[in-house]
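The hints should help you fit chain B onto chain A, whose structure is shown.
Chains as they are written, first to last, in the numbering used here: chain A, 6 to 346; chain B, 71 to 310.
Just so you know, the hints here were simulated from the structure itself, not pulled from any lab data.
Since this is a predicted model, take the numbers as computed values, not measurements.
Using N, Cα and C, we set each Cβ at its ideal position, and we do this for glycine too.
It cannot be assumed that every hint is accurate.
To be verified - Between beta-carbon pairs, the in silico distance windows are:
1. Ser248/B <-> Ala161/A: 45 to 51 Å
2. Leu25/A <-> Thr119/B: 47 to 53 Å
3. Thr154/B <-> Gly313/A: 36 to 42 Å
4. Asn103/B <-> Val21/A: 51 to 57 Å
What the hints assert, rightly or not - Listed next, the in silico EDC-like pairs over lysine to aspartate or glutamate satisfying Cα-Cα at most 20 Å (straight line):
5. Lys223/A <-> Asp243/A
6. Lys223/A <-> Glu181/B
7. Lys223/A <-> Glu221/B
8. Lys223/A <-> Asp137/B
9. Lys223/A <-> Glu139/B
10. Lys223/A <-> Glu98/A
11. Lys223/A <-> Asp136/B
Spelled out, the chains give:
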Amino acid sequence: MRRIDRRRQAERVGLVLTGLLAVLMLAFVVSHWLRAYPVTGWFYDEFLIAGSWMDHYLGTRVFARSFMWQQIATGVFVGIVAPLVGVYIVHREMALIGETLAHTAFAGVVVGFIVIAATGLGGSPLWVALVVGILGALGVQWLTERSRTYGDVPIAIVLSGSFAVGTLLISWGRDRMSIAIDIEQYLWGNVSTIPPEGARLMAALSLLVVAVVAINYKQFLFITFDEQAARVARLDVDAYNTLLVVITAVVVVGSMQIMGVILVAAMLVVPVAAATQIARSFRETLYLSVIFGELSVVGGFAVAIGQGLPAGSSIVVAAIAIYLATIAVSERSTPALSTRS
Amino acid sequence: MEDVTFSYGDTAAVQGITLTVEAGEFLGLVGPNGSGKTTLLHLMLGLHTPDSGSIELFGEPVDTFDDGERIGYVSQHATNRGETMPVTVRESVRMGRFPHVGHGRIGPEDETSVNEALETVGISDLADRQLSQLSGGQRQRAYIARALASEADLLALDEPTVGVDAESRDAFYELLDSLNADGITIILIEHDIGVVTERAERIACLNTELYHHGDTDSFVESDALDAAYGSSSRVLHHSH
Chain A
6 MRRIDRRRQA ERVGLVLTGL LAVLMLAFVV SHWLRAYPVT GWFYDEFLIA GSWMDHYLGT
66 RVFARSFMWQ QIATGVFVGI VAPLVGVYIV HREMALIGET LAHTAFAGVV VGFIVIAATG
126 LGGSPLWVAL VVGILGALGV QWLTERSRTY GDVPIAIVLS GSFAVGTLLI SWGRDRMSIA
186 IDIEQYLWGN VSTIPPEGAR LMAALSLLVV AVVAINYKQF LFITFDEQAA RVARLDVDAY
246 NTLLVVITAV VVVGSMQIMG VILVAAMLVV PVAAATQIAR SFRETLYLSV IFGELSVVGG
306 FAVAIGQGLP AGSSIVVAAI AIYLATIAVS ERSTPALSTR S
Chain B
71 MEDVTFSYGD TAAVQGITLT VEAGEFLGLV GPNGSGKTTL LHLMLGLHTP DSGSIELFGE
131 PVDTFDDGER IGYVSQHATN RGETMPVTVR ESVRMGRFPH VGHGRIGPED ETSVNEALET
191 VGISDLADRQ LSQLSGGQRQ RAYIARALAS EADLLALDEP TVGVDAESRD AFYELLDSLN
251 ADGITIILIE HDIGVVTERA ERIACLNTEL YHHGDTDSFV ESDALDAAYG SSSRVLHHSH
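The following block holds chain A by itself, in its conformation from the complex:
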């Protein structure tokens, strides 16, 4: 009994720390945005001064810089919202959908660059990616409901299809207009400087996603666990399915900046897989997924900054290390669980 209490306490501490970190990062993003005003401007300056002290003690040369914090803030938000949505996606056996929506969003980024180049308007291509990603999500949902094959077939078709369209658009666009930024960076993530607008977008999307999941926690759980019974209970299953896929698209587009198209699905899936390995209830799975997601982000950044490596890949490797550790733990403590498929 005492072991369970201690575990619960550790989870609570983990969640509180995650929450505090998120609030701090949110404060940074907001203070940067409103740095022309007295109070927020003061906070922003103090934040960077604290950063230079961190540099001083850690022997690094990054924390005094604003762009680094934009990247870290984005990462911290990803560490929360990706597993939060992933916990439903994984248990709906839709693990691949993150990968698919990332490819759709990639096509969206390309369209975004073309629109920016063609119209001369400024701004981030992510807004266009967001729209295209959501349309892609609705498209996948529409195809899945009508397809006569297994659910993952339309997902695979949209995955490769949107990547093909994206690649075609790159070639088409390059020949006709000057596209300012290297699109390939979105493939691998770690866009070396996440623009403040990108971090702000991620902050806003994260607040939205957390709110949606908090409000619909029960409904998402019911449709994930037993879709037919949920229908009989007169839940609007199709609407909740669509909402879930749309917020997945939102998370994917926001996360893409730091994780890249190829790696973004890992943050939806790996922390959830680790949590599922050792959790004893669904609620605990959700909490542990978020804690593991955040640990992966913090650990990944530590490695990336310390060794000068790309952040996105470091985060994924850290997440997989946690996953392997949970497998080792669950094998040792409860052998019965290892037979679970």
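Here is chain B on its own, set in the frame of chain A:
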């Protein structure tokens, strides 16, 4: 339901079925494989829309019926994720309260209903276990508890004891009997006709069309069983 017909593409699944289930009844649905039992149940619950005919649930057209909490549905256990998802018994039974609370919080009185439901089906001691760690029979009890927690008047069960050992199966049907005695209407699809004739008070026997609908004694005496099953074997014979 009144003269209900439903097809998958060109294949008629149920045809011209008229059927009334009274409150407090224990109806057994029997028929050979592929005879449309599950489809008929889904039609009654509003999971499918009939091609023609009309269906009412608790006196209301099924497509506008929205008292989801009045129906408890236990499907063939392959269709839900109790075996893979890390969900505890208590969490799954709580889902029965979801139609009551909507987006609100699960309150103390909801927890009381959950505890009572767990007690009724006799799995209070398993409440904090994961569904995946339970036996098939215990898991089906958990699904019944979900329906009870929702305060359902109607329990719809689709072959609930597939893969459950004989002893647990008997205990499970004892439970259904006592729930029915408490006034809950039960519609049961069951493969084993012996079980149905022993437990149900009325029987509907179908093979696309309705062959018999009446009390159990008249079903046993009639030749509906042979007719329903026999015609399917003849069809099978012709196709060879």
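Are there hints from earlier that the structure breaks, and if so, what are their numbers?
Violated hints: none at all, because every hint is consistent with the structure.
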